[in-house]
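A.B. asks: Here's the letter readout for the chains.
Protein chains: 4
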Amino acid sequence: MTPDHYAPERTALLFVDPYNDFLSEGGKVWPRIRGVAEQVGLLDNLRAIVAAVRAAGIRVFIVPHRRWEPGDLESWQRATPYQRMAARAQTFAKGSWGGEWHPDFAPKTGDIVVKEHWGSSGFANTDLDALLKQHDIARVIVIGLIANTCIECTGRFASELGYHVTLVKDATAAASDEAMRAAHEINGPTFAHAIVTTQELVTALSAP
Amino acid sequence: MTPDHYAPERTALLFVDPYNDFLSEGGKVWPRIRGVAEQVGLLDNLRAIVAAVRAAGIRVFIVPHRRWEPGDLESWQRATPYQRMAARAQTFAKGSWGGEWHPDFAPKTGDIVVKEHWGSSGFANTDLDALLKQHDIARVIVIGLIANTCIECTGRFASELGYHVTLVKDATAAASDEAMRAAHEINGPTFAHAIVTTQELVTALSAP
Amino acid sequence: MTPDHYAPERTALLFVDPYNDFLSEGGKVWPRIRGVAEQVGLLDNLRAIVAAVRAAGIRVFIVPHRRWEPGDLESWQRATPYQRMAARAQTFAKGSWGGEWHPDFAPKTGDIVVKEHWGSSGFANTDLDALLKQHDIARVIVIGLIANTCIECTGRFASELGYHVTLVKDATAAASDEAMRAAHEINGPTFAHAIVTTQELVTALSAP
Amino acid sequence: MTPDHYAPERTALLFVDPYNDFLSEGGKVWPRIRGVAEQVGLLDNLRAIVAAVRAAGIRVFIVPHRRWEPGDLESWQRATPYQRMAARAQTFAKGSWGGEWHPDFAPKTGDIVVKEHWGSSGFANTDLDALLKQHDIARVIVIGLIANTCIECTGRFASELGYHVTLVKDATAAASDEAMRAAHEINGPTFAHAIVTTQELVTALSAP
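Quick note, the sequences are listed as chains A, B, C and D, same order. Here our numbering is used: position 83 in the first sequence is 83, and no number is missing along the way. Here our numbering is used: position 22 in the second sequence is 22, and no number is missing along the way. Here our numbering is used: position 23 in the third sequence is 23, and no number is missing along the way. Here our numbering is used: position 30 in the fourth sequence is 30, and no number is missing along the way.
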């Protein structure tokens, strides 16, 4: 699957979870994804895409996970084991350094910060779909973390909702090579419209 | 339509927009609804329902409208005229007194504060539906403001989503008697399961 | 509120419930709306809009209510009183004349027939939103029946979802003048972008 | 993750796509999943679960994919490559044997047949969520096909919507062992509440 034309006024970059806990040395989840992240050159690729996207006039949507707060999930009947684990670790805790934006990826003027999501999909229980419509978006490029959870789930929802979905296989990471392969070789082709490398995407965005 | 049994562990009170701008002397929207509010005894009725609901062990969900912030709607392609008017008035502005909870209705421990909605429905673009499921809720009692906008629209969405919906015709207000009549006599019966007075509701909630 | 430009490739006509039971002499619901329908010239206006829309190259989406079938709602815990009444009357019964399209408004090649809705909103529990996205639609013109139930509720959902919404006040009907006034004078202006007459709409669609 | 108590009046079996094209010798997709299906004992396991579920008084929801019809997707702007491939193959074609229910799994009286879905999630663009609410369902057991597409995507949506999700790793199949592993070892644990074998599930359902 190759990328084709990305009309800037109809395309959005969805940058999922650019938190220190995910992307910075010392972050709570960084150790879990560091191996894959360094192997694919994650940070440099994220920087390259954000620069290319801004140069092309494509709008950036920040799609953040819930920042943990005291009391979270306590009265919930059916939080998932995975959610309970993240709550125990106080991942992305509100007011903590880990819950702040990685300094290279903090929102700039004109970026849209979507409501925080509780699970894996940036669309579920948030205003992402309506905000995309209000900005006339038909295509989404989904980058950030983690390849087989939030990126895949946000991509699956986007596809079901009628958006064109591009995954970038070296602008995300996961806990293992196998999880990366599950995201991009096994599952991605069943719902995405394009699965590309950062280099391919940057080239497509720079095309006249 | 009469209320019947409200099992506490399956019922939620949805209190929409308990802001000073709506409910307090000096609030930006108060002058527009004051006539009807005083006529139905709105503040006393809201206090009576909240007290009865808490006594019955029914959980309170606060369902707040977007607190205006600088930049809101500026890049939107299709904000409604009504939304643009509210943005110009900076209704419920973040950090302002008008955007604070009315002191009698601020959330208490155990209450759930839902994500802010951009339009009229407390369900649209928020986590209300998922949070109701996580608390095993099958019935919603919808009170607050305004009868023919946020209350009606939240009730309509609830009904479409499969919840049992109770409207309380003197625990809300609107700009005119005619708008109240539209909400409770003309439209309410087409989607709600019960339309009651505060007195009828309090009696039903106090039944053994 | 006046209509402005309707780009054909971004606009859809949502024609709600063009069934014989609603629109034809002998239909089950026709007697309830006949007074208003004849007063506003409903049938002629619907014909004029459909013709103008097709001439302009705007796509028609048929948005149908559930055709009643034996067993409907029987196991539901929380059908609304209004739904139960319609089920008892077997409105739009599958296989019956009343559940067939009015002959002037049957789908033509290229029209999209959306999934049937159970309540009042053509968006709730159907594929309408995804189908609009798949056809690049940003604006919806909502006509058909009934002004203060399915038309209003479909319009409210469209607005919350981020679409531009046009109501046509003489291309719908209701049980009373008061219900028409509730739909177009009291509630419509709080969520719609344009509320027009058939004549105004046809003129706007014919503009170069 | 182990199953615990499944209260019959709060639990649903979601049986996804019990079509001949998937489950019968001669079906269009059967050759693609046959290897895994025979290895896990798919057909026998599906029969055992359906029998145990019915014996326990748990309601069956049939969650069917769109039966292909002429014209499908032709006017869509952004069908996925995967959807286009299925349309070219006319999978589950309406009126064909392949689009009929496998004879062992046809709906029985009291079963609920949900609206057909266009993509992978049984919730997207259908009435599944509302129908589950109308039947007071809090837990879903998701079986059928394919493990890493419709089953996973329906499970992910269910989890985001607030349901308790059980996957059954030998009551589904996929094109490869690797895809099964992606579904149950890599992705499932990030959103599901229980991942069990047929034997474990049947035992749990038979417990007093």
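Some hints here could point you the wrong way.
Treat identical chains as interchangeable: a pair holds within one or across any two.
[Stated by the list, open to error] Restricting the straight-line Cα-Cα distance to at most 25 Å, the calculated cross-link-like pairs of lysine-lysine (DSS-like) are:
no., residue 1, residue 2
1, K108, K94
2, K169, K94
3, K115, K94
4, K28, K169
Honestly, the hints are just simulated from the structure, not real lab data.
A.B. asks: With reference to the structure, classify each hint as holding or not holding.
C.D. replies: Verification of the hints:
no.	hint	in the structure
1	K108 - K94	both (20 Å within a copy, 20 Å between copies)
2	K169 - K94	neither (29 Å within a copy, 37 Å between copies)
3	K115 - K94	both (14 Å within a copy, 16 Å between copies)
4	K28 - K169	within (23 Å within a copy, 31 Å between copies)
Hint 2 from the list above is the single one not met by this structure.
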